[in-house]
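Novice: So the chains spell out like this:
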Amino acid sequence: GENVEQHPSTLSVQEGDSAVIKCTYSDSASNYFPWYKQELGKGPQLIIDIRSNVGEKKDQRIAVTLNKTAKHFSLHITETQPEDSAVYFCAPRGNTGFQKLVFGTGTRLLVSP
Amino acid sequence: GAGVSQSPSNKVTEKGKDVELRCDPISGHTALYWYRQRLGQGLEFLIYFQGNSAPDKSGLPSDRFSAERTGESVSTLTIQRTQQEDSAVYLCASSLAPTYEQYFGPGTRLTVT
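Taken in order, these protein sequences are the chains called R and G.
First residue of the first sequence? That's 1 in this note's numbering, and the numbers climb one at a time after it.
First residue of the second sequence? That's 114 in this note's numbering, and the numbers climb one at a time after it.
Here chain G stands alone, though its shape is the one from the complex (with noise of 0.2 Å):
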């Protein structure tokens, strides 16, 4: 089937605009997670939703990250007022009981000018 989709694949910006970057999870998935990647790192975690729980907003960086998630389905990233350390890839992945195995999507590359 369909895996972890992610729109757009790259984006560039100017320093004090918006973003907002899409995932659509594998189809049934309940969790959903952002993470970020700078060049040449790890991964960071940024937020996780799970069902209707509250999301796990831990590793949100700073108030200007926020996400949200429409049910079981689509989930958007919102960076606002872009600073050039924002620039980085942001992945998504889902997941599903019992395995709990996380896919990941290919990334929104984002560059901030």
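Okay, chain R solo, but in the shape it has when bound (with noise of 0.2 Å):
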């Protein structure tokens, strides 16, 4: 099965700092790479997202890049701030079809003003 892990664990910044938070993933079929937030008490929200076909998206603030030879993707948020304070999971998957996510360890981003 898919074994995704996340680095860092825990992110602190300063606002207006960039964030970067990297997603490794083992499943060489994945193709549909993720981005969600997950504020507090509430259920992750998909923010972004990118499919195999395409090495780097962006919307606004955030972009994700993909290297899909070396396995990993990774989410960059710049011009933080604090309402991003929230915690970040990657969940990789094949492109089609209803499908159980496997969530990555998930990232703490902490962003103080």
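Be careful, since some hints might not be right.
Computed footprint of chain R on chain G, listed as stretches where at least three residues anywhere in the stretch have a Cβ under 8 Å from a Cβ of chain R [as the list claims (entries may be wrong)]:
#1 158–164
#2 217–225
Derived Cβ-Cβ restraints for the label pairs, each shown as a range [stated by the list, open to error]:
#3 Val20(R) <-> Ser140(G): 34 to 42 Å
#4 Glu198(G) <-> Ala70(R): 33 to 41 Å
#5 Gly164(G) <-> Asp17(R): 45 to 53 Å
#6 Gln196(G) <-> Asp17(R): 22 to 30 Å
#7 Gly172(G) <-> Leu46(R): 17 to 25 Å
#8 Arg194(G) <-> Lys57(R): 41 to 49 Å
#9 Gly164(G) <-> Asn3(R): 44 to 52 Å
#10 Glu198(G) <-> Thr105(R): 14 to 22 Å
#11 Asn67(R) <-> Glu133(G): 40 to 48 Å
#12 Lys68(R) <-> Arg194(G): 43 to 51 Å
#13 Leu110(R) <-> Glu127(G): 18 to 26 Å
Computed from the model, here is a short list of chain G residues facing chain R with C-beta under 8 Å [to be verified]:
#14 Pro168
#15 Asp169
#16 Glu214
If you are wondering where the hints come from, they were derived from the structure by calculation, not from laboratory data.
By construction, the Cβ of each residue, glycine as well, lies at the ideal position given by its N, Cα and C atoms.
Build the complex: two chains, separate frames, hints provided.
Specialist: Shown next as structure tokens:
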């Protein structure tokens, strides 16, 4: 089965700094790479995703980059704000069909004002 | 429209008692998933339902856990003879083709004393 790891487990930055979280996976069949944000007391919410036919995708202050050869993808947050503080999870999987998600171990991001 | 809802939001029970957790998926979503999240950890898959297919129960940790779904609507996760290690947040998600994106509810926090 899929083995998913995230680094770092915790990340503290100052407001305005950039943050990068890396997700490493084992299943070479994975071709859909989402990132979820989980705020306190809430369920995870999809914030950005990328498919294996592209190397990078941006959406305002967040971006995801993919290195399929090395089996890792990263979440980049620029100009961090206190409301970015949350736990972030990756959950790589196959592209099609209904599938259970295998989540990474999570990264707690703390953005200090 | 309305998102995924779960009830109760919090449940405290004594060891050995049975509990039922409820999930109302987004209307029209054919797939429904249950995950467990222990404190400070990632989400673990428990079970999922898709249409009229047999549910994928591969993540259920023991025979004390079971789940049912009525058609393509509400689902109930039942834990019999609860143990302290069952304490966790139980999250439900639903999805629909062709995106298969999973939308999560806020979860039920279960505490077994």
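Novice: Confirm or reject each hint.
Specialist: Consistency of the hints with the structure:
Only residues whose beta carbon comes within less than 8 Å of a beta carbon in chain R count, and the stretch 158–164 of chain G has 3; three or more means the coverage holds. For a cut-off of 8 Å, the count of residues in the stretch 217–225 of chain G with a CB near a CB of chain R stands at 4, and the three-residue condition holds. A beta carbon spacing of about 38 Å between valine 20(R) and serine 140(G) agrees with the range 34 to 42 Å that was offered as a hint. For glutamate 198(G) and alanine 70(R), the hinted distance range of 33 to 41 Å is satisfied, since their beta carbons lie about 36 Å from each other.
A hinted range of 45 to 53 Å for the beta carbons of glycine 164(G) and aspartate 17(R) is consistent with their spacing of about 46 Å. Between glutamine 196(G) and aspartate 17(R) the beta carbons are some 43 Å apart, a value that contradicts the proposed interval 22 to 30 Å. Remark: the range hint 17 to 25 Å for glycine 172(G) to leucine 46(R) is upheld by a beta-carbon distance near 21 Å. The hinted window of 41 to 49 Å between arginine 194(G) and lysine 57(R) holds, with their beta carbons roughly 47 Å apart.
Our hint of 44 to 52 Å for glycine 164(G) and asparagine 3(R) is violated, since their Cβ atoms are close to 29 Å apart. For glutamate 198(G) and threonine 105(R), the hinted distance range of 14 to 22 Å is satisfied, since their beta carbons lie about 19 Å from each other. Range check, asparagine 67(R) to glutamate 133(G): about 44 Å between beta-carbon atoms, so the 40 to 48 Å window is met. Remark: the range hint 43 to 51 Å for lysine 68(R) to arginine 194(G) is upheld by a beta-carbon distance near 45 Å.
One distance hint, 18 to 26 Å for the beta-carbon pair leucine 110(R) and glutamate 127(G), is violated here, with the actual separation near 36 Å. Evaluation of the proline 168(G) hint against chain R yields a violated restraint, the C-beta minimum of about 11 Å exceeding 8 Å. With a least beta-carbon distance of about 7 Å to chain R, the hint placing aspartate 169(G) at the interface is held under the 8 Å criterion. The closest approach between the C-beta of glutamate 214(G) and any C-beta of chain R is roughly 6 Å, which is under the 8 Å cut-off, so the hint is satisfied.
Comparing the model with each numbered hint stated earlier shows that hints 6, 9, 13, 14 do not hold.
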